[in-house]
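*Asks:* In case you want the letters, here they are:
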Amino acid sequence: MKEILDQYRTVNEQEIREWFLAGKISDFPSDGGVCVKYKTKQIAVFNFGRMGKWYACQNLCPHKLEMVISRGMIGESAGIPKVACPLHKKTFSLEDGSNLNGEEYKIAVYPVKIENKNVYIGFSE
Amino acid sequence: MQKIVVIGNGMVGYKFCEKLIASGSGEKFEITVFGEEPRAAYDRVHLSAYFSVESASELSMAPSGWYKDNGITLHTSSLICEIDREKKIVADHKNNIYPYDYLIIATGSAPFVPDIEGIDTPGVFVYRTIEDLDAIKQYAVKARREYGGKAAILGGGLLGLEAANATKELGLATDVVEFAPRLMPRQLDDSASNMLQTKIESMGIGIYLNKSTSKIYGNNRIEALHFADGSQLKTDMLVISAGIRPRDELGRNAGLRTGERGGIWVDNKMQTSDASIYAIGEVAYYNGGIYGLVAPGYAMAEIAVNQICGGDKRMVERIDMSTQLKLIGTEVASFGDPFVDGNSASAIVFENKFSGIYKRINIDKESRTLLGGILIGDSSDYNTLFQLYINTMKLPETPEDLIIPNKSGETSAGSVMDLPDTAQICSCESISKGAICEAVNSGGCQSVKDVINRTKATTGCGGCKPMVTDLVGESLKALGKEVKETICEHFNYSRQELYDLVKINKVKDYNEALDLFGSGHGCEICKPVLASVFASIYMETANRQVTIQDSNDKFLANIQRNGTYSVVPRVAGGEVTPEKLMVLGQVARKYDLYSKITGGQRIDLFGAKLDQLPDIWRELIEAGFESGHAYGKSLRTVKSCVGSTWCRYGMHESVSFAIRIEERYKGLRSPHKLKGGVSGCIRECAEARGKDFGIIAVEKGWNLYVCGNGGATPKHAVLLAEQLDDETCIKYLDRFLMYYIRTAPPLTRTAPWLEKLEGGIEYLKQVVIEDSLGIAEDLEDEMQNLVDSYVCEWKQAIEDPEMMKRFRHFVNSDETDSSIEFVPMREQKMPKPWR
Ligand code: SRM
Ligand SMILES: Cc1cc2nc3c(=O)[nH]c(=O)nc-3n(C[C@H](O)[C@H](O)[C@H](O)COP(=O)(O)OP(=O)(O)OC[C@H]3O[C@@H](n4cnc5c(N)ncnc54)[C@H](O)[C@@H]3O)c2cc1C
Ligand code: SF4
Ligand code: FES
Numbered sequence: 001m002k003e004i005l006d007q008y009r010t011v012n013e014q015e016i017r018e019w020f021l022a023g024k025i026s027d028f029p030s031d032g033g034v035c036v037k038y039k040t041k042q043i044a045v046f047n048f049g050r051m052g053k054w055y056a057c058q059n060l061c062p063h064k065l066e067m068v069i070s071r072g073m074i075g076e077s078a079g080i081p082k083v084a085c086p087l088h089k090k091t092f093s094l095e096d097g098s099n100l101n102g103e104e105y106k107i108a109v110y111p112v113k114i115e116n117k118n119v120y121i122g123f124s125e
Numbered sequence: 001m002q003k004i005v006v007i008g009n010g011m012v013g014y015k016f017c018e019k020l021i022a023s024g025s026g027e028k029f030e031i032t033v034f035g036e037e038p039r040a041a042y043d044r045v046h047l048s049a050y051f052s053v054e055s056a057s058e059l060s061m062a063p064s065g066w067y068k069d070n071g072i073t074l075h076t077s078s079l080i081c082e083i084d085r086e087k088k089i090v091a092d093h094k095n096n097i098y099p100y101d102y103l104i105i106a107t108g109s110a111p112f113v114p115d116i117e118g119i120d121t122p123g124v125f126v127y128r129t130i131e132d133l134d135a136i137k138q139y140a141v142k143a144r145r146e147y148g149g150k151a152a153i154l155g156g157g158l159l160g161l162e163a164a165n166a167t168k169e170l171g172l173a174t175d176v177v178e179f180a181p182r183l184m185p186r187q188l189d190d191s192a193s194n195m196l197q198t199k200i201e202s203m204g205i206g207i208y209l210n211k212s213t214s215k216i217y218g219n220n221r222i223e224a225l226h227f228a229d230g231s232q233l234k235t236d237m238l239v240i241s242a243g244i245r246p247r248d249e250l251g252r253n254a255g256l257r258t259g260e261r262g263g264i265w266v267d268n269k270m271q272t273s274d275a276s277i278y279a280i281g282e283v284a285y286y287n288g289g290i291y292g293l294v295a296p297g298y299a300m301a302e303i304a305v306n307q308i309c310g311g312d313k314r315m316v317e318r319i320d321m322s323t324q325l326k327l328i329g330t331e332v333a334s335f336g337d338p339f340v341d342g343n344s345a346s347a348i349v350f351e352n353k354f355s356g357i358y359k360r361i362n363i364d365k366e367s368r369t370l371l372g373g374i375l376i377g378d379s380s381d382y383n384t385l386f387q388l389y390i391n392t393m394k395l396p397e398t399p400e401d402l403i404i405p406n407k408s409g410e411t412s413a414g415s416v417m418d419l420p421d422t423a424q425i426c427s428c429e430s431i432s433k434g435a436i437c438e439a440v441n442s443g444g445c446q447s448v449k450d451v452i453n454r455t456k457a458t459t460g461c462g463g464c465k466p467m468v469t470d471l472v473g474e475s476l477k478a479l480g481k482e483v484k485e486t487i488c489e490h491f492n493y494s495r496q497e498l499y500d501l502v503k504i505n506k507v508k509d510y511n512e513a514l515d516l517f518g519s520g521h522g523c524e525i526c527k528p529v530l531a532s533v534f535a536s537i538y539m540e541t542a543n544r545q546v547t548i549q550d551s552n553d554k555f556l557a558n559i560q561r562n563g564t565y566s567v568v569p570r571v572a573g574g575e576v577t578p579e580k581l582m583v584l585g586q587v588a589r590k591y592d593l594y595s596k597i598t599g600g601q602r603i604d605l606f607g608a609k610l611d612q613l614p615d616i617w618r619e620l621i622e623a624g625f626e627s628g629h630a631y632g633k634s635l636r637t638v639k640s641c642v643g644s645t646w647c648r649y650g651m652h653e654s655v656s657f658a659i660r661i662e663e664r665y666k667g668l669r670s671p672h673k674l675k676g677g678v679s680g681c682i683r684e685c686a687e688a689r690g691k692d693f694g695i696i697a698v699e700k701g702w703n704l705y706v707c708g709n710g711g712a713t714p715k716h717a718v719l720l721a722e723q724l725d726d727e728t729c730i731k732y733l734d735r736f737l738m739y740y741i742r743t744a745p746p747l748t749r750t751a752p753w754l755e756k757l758e759g760g761i762e763y764l765k766q767v768v769i770e771d772s773l774g775i776a777e778d779l780e781d782e783m784q785n786l787v788d789s790y791v792c793e794w795k796q797a798i799e800d801p802e803m804m805k806r807f808r809h810f811v812n813s814d815e816t817d818s819s820i821e822f823v824p825m826r827e828q829k830m831p832k833p834w835r
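Chains X and A, in that order, are what the protein sequence lines are. Reading the first sequence from the start, the letters are residues 1 to 125 in the UniProt record's numbering. Reading the second sequence from the start, the letters are residues 1 to 835 in the UniProt record's numbering.
In short, the hints are calculated from the structure, not lab data. Since this is a predicted model, take the numbers as computed values, not measurements. Just so you know, even glycine gets a beta-carbon here, dropped at the ideal spot from N, CA and C. You can trust all of the hints, since none of them are fake.
One side of the interface only, derived from the structure: several residues of chain A facing chain X at Cβ under 10 Å:
id	residue
1	GLU54
2	HIS490
3	PRO528
4	ASP550
5	LYS805
6	ARG806
7	HIS809
8	PHE810
Produce the complete structure using the sequences and hints provided.
*Replies:* Below you can see the structure in the form of structure tokens.
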């Protein structure tokens, strides 16, 4: 399982090698999340309609290593957009993946861009 | 830079570091901490909670990066073996040498293990560290499965009883063995001990007093205890809780002065006989005693920090040893001097054997002050009495009113606001009443949470929480500010207020509500609350505003530990035809689902992948099943017993009535889940009084009980009305349920809701039966409207392709989640355990 977790590393704008086409905007419910398959990775994508922003992160919750984050609820706390894992409600910042409950583990986040009503996720490999 | 070395990273050793950092002087020192245990300091006071938390880290005193962030070097799994006072160095077990300028000994204590024959037999444990609990837990599984399933606790003190509760919770038949003629001999008198014994025995724990254990018997594992009086007790494991011994060996070997019964001697500066060495916590011998509680330890840490930083604070002379027993399922408290002697003092005692309550207060006749006391069965007045005692306040003219309930069942211990400002409210963190009120009055704190963040009050043992809450509430009120439970940072309203606002303004969408009544962008707390409000007002299903539903409601199923889901169709009243039973079996076989009968009289099919849910439900719906709403804060089951149709004792048809009621309220969403029960006679086989509403047949009709539940804090439902016919019973239920739905805070079941309801059950009776608020008809209409609007949300979902979209694992692929793995178990399967 460790190898699966190790696949996920936050990607910065500068490192992007590939903009992966994840789907049409209409496939992504407003203020909700869905899961995107990219090679062996599972990526959660959130269309934060209310804030007019898009976020992507690993679908794997680092707490118990389950593929569930995309099914979590999104929200905001003191201006920071976040997602709550559906299993034990651990919350993570969607901006930098940091753990908002004060625990060690965090999640990897990926850049998202919208072009011609299409949704792209940035990967470095 | 001067070097501080701390030996021992327990609660007090940690508190020393925390206080040193908080004092702002942390940077002036190079701080190194050694702890023998493999992990950083954790909350030993709540050690027993380890059996129920998810991981040890939940008990930890500080977030994992704390020491590093504050420049402290922490060595865990590191035992200090020697202090060389001349060279001012300490040596660890690997003989690494560390120099110090100030040395803090905070090595705590170890459980006292009496020298009994056979004490080394496998199956004998102590109860002090996380590792001890791991070992106990592991052995308990064996004791339960392979041996006789019995446990014994040696020692009937505070800790022994806590340990007894733990082994009982681990599923072992538990006995407590005490040498003295009574339980908690240092805190309780004979009558209190008798009352406590009756209570504990009624919970199924055996009590043996006056027993001196002479031998632990067993071949390769413990099998029995032999007592000096010739009797024996069979047991498969033993937990020793016979007191503590300070770990003073380091100090003793280094030639520091020690107490008569052990412990490292300190003066009121916490200085040992060597001026550069301090001792704090359970290892310190101060003023003729050793103190096995956190509060004095924390106070000592405070003094040591102050002294080292050049202050001159001194330890108070009299150490308070008041305690409350935790966890055993009944309330026990003892404070000050629980036993009085001499002519100048006298005791007032209140005893109610029927309800198991014993209260005693000891009063100084001359000064009319409280010297101490004992509370069994009801310790709700503990905080107030304790304050009267610790502040040596003058008692009222009739001190008996403090413990003897008046007609409405209350005692008149007075308001928290009467306490002097110096009254210490939180003794763990030494926070006074003045400091708490100050935080509100001029510190800008607006809520209990603010005050806790500011002062750290309540973060130790938590016993002062009710008082802090009252003080904050009263102080806010005095400032003319309203105290209310707001939902979260996005809505400055209570659930009841939001319910009214949504209803009056006919708001239909979450975003609209947020724009009108809230701020920001919402979160996982307010979204489900509003989803519940919309459902309660419009009978809206979880299919309309999918993204504000709690994750289980979102997928109309309960998520399981491995991210798969369970399927629970409604089986109203627990009645099911053989044909339908077969369909459940067929579906379970086809989709390879783990099948189990639930505690709610229905069948749960586990292990469905997200994308399988629609297919499974399509087949179930075709066979006539509907959603069981096992995932929602909504009506779950109405449990029934077989009743008069078959049972020779049955008074009425409990199954028929349970089905009628379950059909009526199915799909009803509420602040928390709702459960009901209908029993055919007072034998109560449906356990109806353990439910939010319970109906029991009596000769002349139905008795209706409300506001009970099982779970962590079980409560029996209380009688609302007697001898009702079917229609009146349903009418009262409509009113009761709707009133609860309108007014309860989020995630509050009916029992805690009733507890908070001013006027209690009598008030509820007036509202429901006598219609004192004049809203009965509204409540009935609203309920009827909800009943008429019911649709099965699973049926609704599978008929709408748009709604079905959310049940795919990937948005860009038809594959399913390949990371899910199962392992076989007893001819079925289970999720592969967490790694
Ligand atoms: C499946 C079942 C256990 C079983 O295999 O028997 C069960 C399973 C869960 N219960 Fe339960 N409870 C089940 C009967 C009960 C009962 C017995 C009963 O209903 O008669 C109780 C005690 C009665 C009561 O509720 O007062 C019960 C008291 C709880 C509680 C404590 C509630 C409380 O107020 O203290 C929780 C926690 C909560 O709801 O916050 C809980 C929560 C849960 C959750 C939802 C925990 C979770 O978040 O995952 C479990 C998931 C269910 C699922 O399907 O995935 N479950 N749970 C039972 C389903 C009954 C059904 O047919 O719907
Ligand atoms: C189950 C349980 C329930 C309790 N409930 C309550 C309660 O309700 N209320 C209350 O007030 N108190 C309660 N207590 C008591 C409370 O936990 C103690 O008073 C408190 O932990 C004492 O803190 P301490 O730091 O002095 O000792 P400890 O917490 O024991 O810490 C001492 C640490 O020093 C380490 N150590 C010892 N020698 C060395 C060495 N040579 N080198 C390195 N490290 C060393 C030990 O391994 C240990 O980790 C309870 C205790 C237990 C076990
Ligand atoms: S089913 Fe209920 S009692 Fe059993 S583990 Fe889950 S929540 Fe706990
Ligand atoms: S698995 Fe995500 S919070 Fe526990």
